Amino acid sequence: MTKIISGDEISKSINNALNDAVLYSDETAAWVSLEKIHEVCEILKNPDGLDYSFLTAISAVDYIEYFEIVYHLSSLRNNQSCVIKVKCNGRENPSIDSVTDIWQSADLQEREIWDLMGIEFKNHPNLKRILLWEGFDGHPLRKDFIG
Amino acid sequence: MSTIRTEPVTINLGPQHPSTHGVFRLRVTFDGEEIIDVEPVFGYLHRGTEKLAESRNYVQIVTLTDRMDYVASMSNNLAYVRTVEKLADIDVPERAQYIRVISVELQRIASHLMATGFLLNDLGALATPLVYCFRERERILDLFEMLCGARITLSYMRPGGVFQDAPADFWNSLNVLISDFPNYLDELESLITTNEIVLARTIGVGLLSDTQAVDSGVSGPVLRAASVKWDLRKANPYEIYDRVNFDIPIGNSGDTYDRYYVRLQEMRESIKIISQCIEQIEPGPVRTETPFFIRPPVGETYSSVEGPKGELGFYMVSDGGISPYRCKVRAPSFINLTPLKDMLTGWKMGDLIIILGSIDIVLGEVDR
Chain F
0 MTKIISGDEI
10 SKSINNALND
20 AVLYSDETAA
30 WVSLEKIHEV
40 CEILKNPDGL
50 DYSFLTAISA
60 VDYIEYFEIV
70 YHLSSLRNNQ
80 SCVIKVKCNG
90 RENPSIDSVT
100 DIWQSADLQE
110 REIWDLMGIE
120 FKNHPNLKRI
130 LLWEGFDGHP
140 LRKDFIG
Chain V
0 MSTIRTEPVT
10 INLGPQHPST
20 HGVFRLRVTF
30 DGEEIIDVEP
40 VFGYLHRGTE
50 KLAESRNYVQ
60 IVTLTDRMDY
70 VASMSNNLAY
80 VRTVEKLADI
90 DVPERAQYIR
100 VISVELQRIA
110 SHLMATGFLL
120 NDLGALATPL
130 VYCFRERERI
140 LDLFEMLCGA
150 RITLSYMRPG
160 GVFQDAPADF
170 WNSLNVLISD
180 FPNYLDELES
190 LITTNEIVLA
200 RTIGVGLLSD
210 TQAVDSGVSG
220 PVLRAASVKW
230 DLRKANPYEI
240 YDRVNFDIPI
250 GNSGDTYDRY
260 YVRLQEMRES
270 IKIISQCIEQ
280 IEPGPVRTET
290 PFFIRPPVGE
300 TYSSVEGPKG
310 ELGFYMVSDG
320 GISPYRCKVR
330 APSFINLTPL
340 KDMLTGWKMG
350 DLIIILGSID
360 IVLGEVDR
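Protein sequences, first through last, are from chains F and V. What the first sequence shows, in numbering that gives the first Met the number 0, is residues 0 to 146, in sequence order. What the second sequence shows, in numbering that gives the first Met the number 0, is residues 0 to 367, in sequence order.
Certain hints may be false.
Unchecked claim - Listed below are the simulated BS3-like cross-link pairs for lysine-lysine, each with C-alpha atoms no more than 30 Å apart in a straight line: (1) V:K233 <-> V:K271; (2) F:K84 <-> V:K50; (3) F:K127 <-> F:K2; (4) F:K2 <-> V:K85; (5) F:K121 <-> F:K44; (6) V:K233 <-> V:K85; (7) V:K85 <-> F:K11; (8) F:K2 <-> V:K228; (9) F:K2 <-> V:K271; (10) V:K50 <-> F:K127; (11) V:K233 <-> F:K2; (12) F:K142 <-> F:K35.
Claimed, not checked - Computed Cβ-Cβ distance ranges for the label pairs, DEER-style: (13) V:R26 <-> F:F135: 18 to 24 Å; (14) V:Q163 <-> F:D50: 44 to 50 Å; (15) V:S189 <-> F:D100: 42 to 48 Å; (16) F:E91 <-> V:P166: 53 to 59 Å; (17) F:K121 <-> V:D36: 43 to 49 Å; (18) F:Y62 <-> V:R46: 34 to 40 Å; (19) F:A16 <-> V:E278: 20 to 26 Å; (20) F:P46 <-> V:Q163: 45 to 51 Å; (21) V:P166 <-> F:D50: 45 to 51 Å; (22) F:D25 <-> V:D318: 17 to 23 Å; (23) V:E288 <-> F:R90: 25 to 31 Å; (24) V:R150 <-> F:F135: 43 to 49 Å; (25) F:E41 <-> V:M145: 50 to 56 Å.
Since the hints were made in silico from the structure, they are not lab data. These numbers were taken from a predicted model, which means no experiment stands behind them. Beta carbons are placed, not taken as given, at the ideal position from N, Cα and C, and that holds for glycine.
Pulled out of the complex, with its shape left as it was, chain V reads as follows:
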């Protein structure tokens, strides 16, 4: 029998494609249905944040950090202001630390809801489950609006504390949210966790082993799904994380399902953290007075927080002036794409979309 001549086909996915979660482009080579090579193409949203930071003062840069991971601005704000505080040796009042932890945990929930909703969207469950996730995310954005007037680009934190104390109706709405939320998560889980189609599409798909996960520098839920118990909130507690009890959920095999399930459980843990914070928080000042132009002493520092996507770090060098000499961002979404090729090779087109979705990238952060 004569064999049919075959040849690999290269397909361009993106940059304008709904399932790439922004302007991300993949040049994928297929052998039939099977992926044999992947080449990610970055930079469509590159705005030169690190260069811009070199010509702005330390308070202005807060607004630049909002625009990196734009679905988790609060976490970016926290990572940045913590680095400035470490560099310039600024103390933060205790109440501000609690408000910060409450707001970044709300942001983590909002970000994970978006990741979960879009994962289902990528699976082909168009819009309906996504709207369930967005409905709850909307309530969190409403809370942020009460805190600072903005919903997405928040700029709520300042070196030395937060912009303003939370208003009284914030606490009421927050209490309602955290009492409802576990029920909502049960409802969401009943839709997804045991859904036969979801299981068939996600279990065993896009495996990332623990050794490769560590070697390729991934962090956050992607690392923890590969059964590596590493969370900076526990490993190197910052703010008041050492005063609250919570668990670090981990996965077993590092497949797409584990990445989904780790995120879902992290949302439950975040609710636990927030309710403990509400019990512990006491009245007091929320901001240390700092000069408008902060001039940190000559030196450098690296500081990182556990953002929703992973380890978000800032490496800043000060020359004693009003703007940083160098401001480097360790963007988790960017580094989490390192093992992408190994995760995708051997899978099919439909799996590509959900594997990429389960890494949960935000292009504002990848390209900066």
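With the rest of the complex left out, here is chain F:
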């Protein structure tokens, strides 16, 4: 069985390597500060350390007051999985660091989030709309989108 690493446990491991990166955590996930997400992902990917080599999914959820970006990570070698979350404030121009240079699988998924949720990924090599066409007005998965 895949061992599900709790948010508290993964935040301890992250804090050992990088202080103050985890804002808070609970049983399900660890919330990482927006500025530190790229560094945290580098720590998580490190093959000699936690070895989360497989980025299963990136999701974005619109909670009206803020957006939440959810990273589902798996370690194929240790058969473990964990969840990292980032809160992203502001409805006008929310942005977050891209993790494409760490996991290539973030490439299309981040483009999809930009397209449908309107969250900009800084340093993404090719941040264009993916499912909708260029020139489409708005981001349909937002709760305030009127189609």
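Given chain F's structure and the hints, the job is docking chain V onto it.
Frame of chain F; chain V shown alone:
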């Protein structure tokens, strides 16, 4: 000697092109015959499934999942209803779990048959091998028709079990199918596996190394062909997969041939799983009573299954209402396209078609 001036040519492949397996468009830049750049263009079949799910109740969404990977509806149904069951804490009777495993394994065979048939079609063996694959797929669709009356958009599963128990003639036909099928696979293999033309066209073509496969998030047969032994049915057994014995076939080099051969062997393993299920299944209820409007408690969950194309996952957030607050789909076909550019660069036009075919994408799932 004076050199001839050359310049790269950009060609549009698709969206209406038979070998793109749907409405997929590739903007390919060639230097002579050689591919130097690829830009996939998505979205021609985008229907906003995730948004639609936010305004439907939990039972209605089953029908939306059918229309994602429309050659493997059963697997989509399973991935979805499992997530709802986890979210709302619904138990599933044992007989329903067996029927689910039997039906998703049949679906895996049907999907792999289609992938194999179309791979040969893409190689230029027009129609004949494809019809052999479709002949057997047809028998599986007949079985599905007995289960739920539909052949493609099945909607057979419900949160808490399956729509109805399998009728008696289903079991007879299933027994006939699984006794015939290994012979059929031998016949198909004799046509392809040692075929000189197939070997020449596929071995060493479209390589994907194991490290890149993991890094780019591909899953399913494409990942396993790159010699990574990762299958959620073994790594994180769900339903009753921990009670059956089967192997995970893997490839050596991650080329197009390996991807074909892994699929072929997976079909044999699926037959093994189904026959063990038939031995183990016992009478009993097939559905837990659930309220028509399921209201899961406030919370969220991610759950995934090993679909024919790879890891098919649902991430659902509930606000306690009758429809999900957010329903995100981790679509394997979509993410499997991530390394497409690296796989295609340096190959020729004819190879492009079979490399794309060997990834086995379904556009309903890519665009959702």
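- prompt: What hints, given by number in increasing order, does this structure fail?
  reply: Per hint list: 3, 17, 18, 19, 23 and 24 violated.
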